Amino acid sequence: MVSDHSKPGDLTAAIQSVAPVDTRLQVVVRLQNKAERALHYVADVRAMRYDPTTRTLTLALSDEGREVIPSLAGKLPLFRHVDPGSEAEIHLSVPDRIVKLSRSAGSAGSAEPDELAFETQQLADVREVVVEVAWADVPYYHDTRASALQDARLPAARWEQHKARATKRQDKKRAPKS
Amino acid sequence: MATFILQDATGIGSDDLDPARGFIDMAIIANDTGLGMADPAAGKQRLVYARTGNGPPRLRLDAMINTAFSPNYGSGANNVDTIVVAGLKSLVLDDGTPMADNGTALPPKSSGLPGASLNPTEQCLVIYDTQLAICVARDGSGGVLDLPVSPPVALYHEFSHAFRIINNTLLALTVACDPSSPEERAAIIDENDLRTDLATRAGVSATLRDPGIHCGRLASDGEECCCIIATLVSKSPRSQQVQRLRCARDHFVRGTEVGHAFFDHFFRDYYAFSPQACTLMAGDQSLRHQLLEGFVEPLLDFWNMMVERGRCVMGSTQLGAAFIALHADRGHAEQRRAALQRTSAYWESGDGQSAEAPAQLMALLRERAWPSPYMQWALVAPVRLMQALLTRYLAGADAPAIGRAFTEALDAWAPEVPISTLWAGLPAAQVRRELGFCERALLQTTKSKTRFRQRLGERFPDITAVAGVLGRLQTIHKGDTW
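Listed in order, the protein sequences are those of chains A and B.
Basically the numbering used here = 1-based index in the first sequence + 1.
Basically the numbering used here = 1-based index in the second sequence + 430.
Here chain A stands alone, though its shape is the one from the complex (with noise of 0.2 Å):
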C-alpha cells in the first residue's frame, strides 16, 4: 500500500441499476469523490463471486484475494480517476450466468472419483449485488522496488488503499429482457 492521506470514506459508490441484457448483466455504478484531491480507482470487474445460499453476487474491482498462477498474460486492471468533489458513473458489464469447476463432483460416493465437473449458478435469480471498488489517493504505477517481487499481492492489491463498497436488493420481480 502506497502513502495514505486518504479518508475511506473520501469515495464513495452506489449502484445505479442492474439490468439483463441478453445474455449479460448490466451494472451501472455511481462514484462520489468528497475529497479534495483526484481519486483514482479500478474500473473493470477483476473477480466474480457468488454465494448461492444468499444469492449475493460480489463484483470485485480489485486484485485483493487473487492468486497468482500460471497464465498466458497478466493483465492489469483498468484505471480511471474522478475529480474532485465530483461523480463518475461507471458502467460495468458481467455474464449472466458463470460457471466453476465442482469441488463436490470428485468426493467419494461419486460415479467417478476424480471426475471434472462443473457447477452453473444464473445470475439472473441474484438477490443482491454487491460492488467493491479498490482505490487509492494516487495514480497506479509500476512498483519496479525489489522488495514488490517479494509480495504475494498481486500489483494493483499492492497499491490500492480502500475499498468504496456499494449494494443492491434486486426486486423479486425481474426486468424483462431487452
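It should be emphasised that the hints constitute simulated quantities derived from the structure, not laboratory data.
These numbers were taken from a predicted model, which means no experiment stands behind them.
Take these hints with a grain of salt, some might be off.
[Stated by the list, open to error] To give an idea of the interface, some chain A residues facing chain B are shown, with a C-beta separation under 7 Å as derived from the structure: (1) A48; (2) D52; (3) I70; (4) K76; (5) F80; (6) A89; (7) E90; (8) H92; (9) R98; (10) K101; (11) S103; (12) E120.
The C-beta atom is built at its ideal place from N, Cα and C for all residues, glycine as well.
Using the hints provided, position chain B relative to the given structure of chain A.
Leaving out everything else, chain B in the frame of chain A:
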C-alpha cells in the same frame, strides 16, 4: 494415457465447451496429418499423434500426447493426465478470477504447486478462451502491448506450463508481469517457437513476444493493438497498411477519453469475430487478396482522408480533389471498383452461398460482426461510401461534384458515431474538451455538430455535466464550436 480434450461434463450445457475449436487449434499447432482423436469416452477424447514432421511444436505435442506422466509431488508417483478445457467463456475460478480472454494451466490439487488449490481434480487442466482478444508485449518494442494472441498460440503457451507441471519442473512464479517470472519467461520462449513456426508456414517474418514481459491487456483496452485482419491480408503487423491504420486510430484516440472509449467498444466487438475470421481466411490466398483490394485499402484511404480533414478543415472541393488524387490511375480505379463490388456482393449474399466467399466466414460476419453498430459505422459504412463515390467518379463526376457528394455523405455518417456510456462519467470540463475534439476532428459541419449534440443530449438527459455543457452551447450560437 496423456492428453485429452474435454467434450462434455456434468454441470454445463452441450454448447458451453468448444472441443471442435480445441482440436482445430491443436491441428494448427501440429500442422501434421498424424494428429487425430480416439473415440470419445467419459466425456473426453484422447489425442493420438503419429508424428511425421519435426520442429519444436510437433516434438512438444508428441511428448505431451505419447508419454504417460507420473510425477512425484512428494507423496509418491501418480499418473497425471492433461485435459484441455476449450471455450467455456463463463468459467470463473474459485478465487473469483474470470477466465474470459485468458488461459491457465492448473496443477493437480495435491501437487502443492501454484494454482493447485483452484483445481478440484488430480489432473492437469489446460483452460483457455477460444475467442480471446488480448495483446501482449512485442519483442524489441520496449514493452508495447500490441501483439495479438491467436487461440492456437494461447493453447501452446498453456501447454508449455502443463508440460512442466506434469514433469514436476515448474519454475518460480512471481506477482509482477514485468519482468516476467522464470516460469512465464519459459512459456513465452516456447510460445515464440510456435509463432516462428506459423510465420515460416505463411512465408512471412515472425513477430515474437518479449520473453521478459508477461503483461497483457484486453485488445479492447489498448490503443496499440493492431488490426489482425489487416495484418493477415497484408502479411505483416508492420506493413504499410497496418501502420496507416495505426496512424488513423492514434489520431482519433490520442489524449481523448471518448476516443479511448470508442476503441474500447470497437475492439471488443472486432475481436468477437476477427481471430476466427483470420483462421478461416488463412489458407485462402485469393480471398485474402480480395479483402486487401476490396476492403482494407479503400477503408484505409477513407480513414486517412478523415485524418487529413481533422487536421485542417477541408472544403468540399478539396475533399473531392483528395479523392480523385487517390484514384488518378484510372485502370487501378476500375480494378478497385470491381473489387469493391465483389466485396459488396459477398456482404449482401444473405444466404452465405456465394461461389467465392467461404460460407463459414459469411456466417461468422453475419452473426458477430454486422450486428455491431461499431463495425457498421467504422468499417462497413465507410467502404460503401467509397464505393458509391468511386462509381460516380468513374461515371465522369469532377472534383466539385465528388466533393459535394462526399460532404453530404459525411454529414449523414459522422454524427451517427456510436456514443459511449463513458460520457456519463466525465466531469463538465472534460465533456466540453471531448465534445470540442469530436467537433474538430470528426464532425466539422454545422449540420453534423447539431445532430451529434442532439443525440448526446437524448442519450444522457439526466447527466448534469452533459446537460450543462449542451445547455451552455445552446445559449451561444447553434452549431458553434469550442
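Consistency of the hints with the structure:
{"no.": "1", "hint": "A48", "result": "3 Å, holds"}
{"no.": "2", "hint": "D52", "result": "11 Å, violated"}
{"no.": "3", "hint": "I70", "result": "4 Å, holds"}
{"no.": "4", "hint": "K76", "result": "5 Å, holds"}
{"no.": "5", "hint": "F80", "result": "11 Å, violated"}
{"no.": "6", "hint": "A89", "result": "4 Å, holds"}
{"no.": "7", "hint": "E90", "result": "4 Å, holds"}
{"no.": "8", "hint": "H92", "result": "4 Å, holds"}
{"no.": "9", "hint": "R98", "result": "6 Å, holds"}
{"no.": "10", "hint": "K101", "result": "6 Å, holds"}
{"no.": "11", "hint": "S103", "result": "6 Å, holds"}
{"no.": "12", "hint": "E120", "result": "5 Å, holds"}
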